[in-house]
Amino acid sequence: MVTRDTILDVLRTIDDPEMPISIVDLGIVEDVRIAEADADPAEQVEIDILPTFIGCPALPMIEQDITQKVGLLDGVESVRVRFVFDPPWSVDRITPQGRKSLEEIGVTVPERAESPELVQINLPVACPFCKATNTRVTSPYGPTRCRMIYYCDACKNSFEHMKRV
Amino acid sequence: MQTLPDELKTPLAVLLLSIADDKLMLGHRGSDWTGLAPILEEDIAFSAISQEEIAHASALYEMVGAMQGQRADAVAFGRPPEAYRCAELVTVSDEFDWARALVRQFFCDHFDILRFDRLSRSAYAPLAALAGRIHAEEATHIEHADLWMVQIGRGGDESQQRMQAALDLLSPLAGMLFEATNGIDALEQSKVYPVGDADLFDGWLADVQRVAADAGLTLNVARPAPDAVGGRRGRHHDGFTAVLDEMCEVYRIEPEAAW
Chain L
1 MVTRDTILDV LRTIDDPEMP ISIVDLGIVE DVRIAEADAD PAEQVEIDIL
51 PTFIGCPALP MIEQDITQKV GLLDGVESVR VRFVFDPPWS VDRITPQGRK
101 SLEEIGVTVP ERAESPELVQ INLPVACPFC KATNTRVTSP YGPTRCRMIY
151 YCDACKNSFE HMKRV
Chain A
1 MQTLPDELKT PLAVLLLSIA DDKLMLGHRG SDWTGLAPIL EEDIAFSAIS
51 QEEIAHASAL YEMVGAMQGQ RADAVAFGRP PEAYRCAELV TVSDEFDWAR
101 ALVRQFFCDH FDILRFDRLS RSAYAPLAAL AGRIHAEEAT HIEHADLWMV
151 QIGRGGDESQ QRMQAALDLL SPLAGMLFEA TNGIDALEQS KVYPVGDADL
201 FDGWLADVQR VAADAGLTLN VARPAPDAVG GRRGRHHDGF TAVLDEMCEV
251 YRIEPEAAW
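Line by line, the protein sequences give chains L and A.
In terms of the working numbering, the first sequence has 57 at position 57, counting the first letter as 1, and numbering is strictly consecutive.
In terms of the working numbering, the second sequence has 247 at position 247, counting the first letter as 1, and numbering is strictly consecutive.
Source of the hints: derived by calculation from the structure; they are not laboratory data.
Note that this is a predicted model, so its numbers are computed, not measured.
The beta carbon of each residue, even a glycine, is placed where N, CA and C say it ideally should be.
Treat the hints with care, since some could be wrong.
Stated by the list, open to error - Output of the computed footprint for chain L on chain A, the stretches with three or more beta carbons under 8 angstroms from beta carbons of chain L:
{"#": "1", "stretch": "37-46"}
{"#": "2", "stretch": "138-144"}
{"#": "3", "stretch": "150-159"}
Claimed, not checked - A few chain A residues that face chain L, going by a derived Cβ cut-off under 7 angstroms, partial list only:
{"#": "4", "residue": "132"}
{"#": "5", "residue": "176"}
{"#": "6", "residue": "252"}
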């Protein structure tokens, strides 16, 4: 029989298409529900995903990965992915393991919010390579909607920083 | 409330269409600049913002479509011109004048942040959740728009003149952003679209005037007359059908196509 845990194990193997971080560590998996199908031992699975940004173009790929991989589990009859906005996703949902995987490729994540303001940019950020804090924003819009581009004046490297959203 | 009372469905659909139509047109016009914006970083930024406008519109069309039993694509592209509820400001061409594109975006961003602040406190829970998320993204748009207004406004004589010319050209259209949609009173009374502490128009005018002053520019916008009828009630300018035809060209070839 399929359990929530076996499904979560599968979701942990699915990476965000644009970053080496699993969708579970990214904090976008909000809920996994299993309903037994009528007159059939196979199960119907429904998974709620929180988009990072509403217009994130990776969403259809994430949906496809989930329905394919979870659909391969024994006893799963159908998989449905719902994109929901309640609660809103925030960088605070990224797990410590997720922060580590991002930092390894030079993407930093803001510390947990102390203020209720969702959006804060232009705060000091430590360089993921040399840890210096004399860094600056070179562009608030980066390769994806959730990241912006920084430059480290100490080690002269560019890096990316997740938006405090 | 988790479900919407029947009598509020039409007023809410019209309000959401007015917002989504603004965003669809604005994103459509903004995307004209992809590959053409003044510098590379801005090309990425303006394209991302335009993409986001269309994504917000899409989420709102989904909600309207769910109320009316239609696909979001059909709601977005399948209506006759008089069924669109966008304001004239978002439908006129900027004629590839960067100052006009910025001023148009600046006016709309400051309006959106205020209306999504109200909607994020909606008594209709699914709308409040979506609006809260859009509101957070709008804050990044404001930051972008204000920065450009001030940078170019203070840049030099020519850049200031061109920004002022764009403000003077588009200000007469900006007031009609605030034309009320039909049935708005019922939405306000039921707190589906709760009224804020300050009047929406006054709040918006104070915001855009503060930024304009910081940029060394002057800005005056008149509140629309109560009996003025425009895009919010389906009366569009002569060129609107051509804009719509261009935007819907691909959809009309194969309305049921899957993407």
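Against the structure, the hints come out as follows:
Judged by the Cβ-Cβ criterion of 8 angstroms, the stretch 37-46 of chain A is covered by chain L as claimed, because 3 of its residues qualify and three suffice. For the stretch 138-144 of chain A, the stated coverage by chain L is satisfied: 4 residues place a CB nearer than 8 angstroms to a CB of that chain, which reaches the threshold of 3. Coverage of the stretch 150-159 of chain A by chain L is violated. Counting CB-CB distances below 8 angstroms, 0 residues qualify, and the rule asks for three or more. Interface restraint check for residue 132 of chain A: the shortest CB-CB distance to chain L comes to about 6 angstroms, inside 7 angstroms, so the restraint holds.
Here the hint on residue 176 of chain A is broken, as its CB sits about 27 angstroms from the closest CB of chain L, past 7 angstroms. Restraint check, residue 252 of chain A versus chain L: the minimum CB separation of about 23 angstroms is more than 7 angstroms; hint violated.
Taken one by one, the earlier hints fail for this structure at numbers 3, 5, 6, listed in ascending order.
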